[in-house]
Amino acid sequence: MAENKVGIEISVEGDAEAKLKGISDGFLKLGDDAEKGTKKASTSFDVFKGVLEARGVEKAIELVASAAEKLFEVFIVDGVKAAIAQEDAINKLNQALASAGEFSQEASKDFIEFAESMQDTTKFSNDAILRTGALIESLGHLSVDGLKGATTAAANLSAALGVDLETAARKLGLAAEGNVASFKKFGITVKEGATNAETFANAVAAVNAKFGGAAASQVLTFSGGVEQLKNNFDDLVKVFG
2 MAENKVGIEI SVEGDAEAKL KGISDGFLKL GDDAEKGTKK ASTSFDVFKG VLEARGVEKA
62 IELVASAAEK LFEVFIVDGV KAAIAQEDAI NKLNQALASA GEFSQEASKD FIEFAESMQD
122 TTKFSNDAIL RTGALIESLG HLSVDGLKGA TTAAANLSAA LGVDLETAAR KLGLAAEGNV
182 ASFKKFGITV KEGATNAETF ANAVAAVNAK FGGAAASQVL TFSGGVEQLK NNFDDLVKVF
242 G
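Residue numbers (this note's numbering): 2 to 242.
These are computed hints drawn from the structure, not numbers from a lab. Be aware that one or more of the hints could be misleading.
Here are the simulated lysine-lysine pairs, DSBU-like style, with alpha carbons at most 30 Å apart [what the hints assert, rightly or not]:
#, residue 1, residue 2
1, K172, K110
2, K93, K82
3, K211, K149
4, K172, K93
5, K172, K185
6, K172, K231
Using the sequences plus the hints, can you model the full thing?
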């Protein structure tokens, strides 16, 4: 396993090297504590890399203090916000599963892992997938496997139509009410089932058949790659939250 570190290199003269070694060790420990978060993020980017030129210990410490302040803002403040947002997304998912009579710790964990895998292969964050799953579950009352397929369909529809994920999920959710006419303008024919649940399942299958792979292909674009990079960094700062 590759070793992940957050390091700052400083070039100095004289006995400053010994004093600065303590500062360097502190940042390396920070990297070790964040190993879980950086393991995933490091495959996409190097978190921080820089060479600071300083004439003496006082200047070096001033520069490091400024960097530490910025690191605190990014990792601690933003990390707390990101961790709270993820917790809220998981709570919404669990509530939606419970309302549909589908909640269990295993079911929740299963979908959370699915959201992680979607982040790995699309431009959508795991939190966005969790929120979308909660929305779709509230509309369709699906099993976890059914919810995975429907969420994948929403992601593909979003990519194909150029709309955000929530909008795509709501368009897909129309089928849960038996409304399939709106799909025709997208070139999709949805067979009406004996029940709304069956119609919804038909809509999910039809969308994935027509637009399958659309969401995954977005990460091959520059904007999609940047978005995926951002999502991975957000996961890193959650470790500190």
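The hints, checked one at a time:
no., hint, result
1, K172 with K110, "holds, 27 Å"
2, K93 with K82, "holds, 17 Å"
3, K211 with K149, "holds, 17 Å"
4, K172 with K93, "holds, 20 Å"
5, K172 with K185, "holds, 12 Å"
6, K172 with K231, "holds, 27 Å"
In terms of the numbered hints stated before, the structure departs from none.
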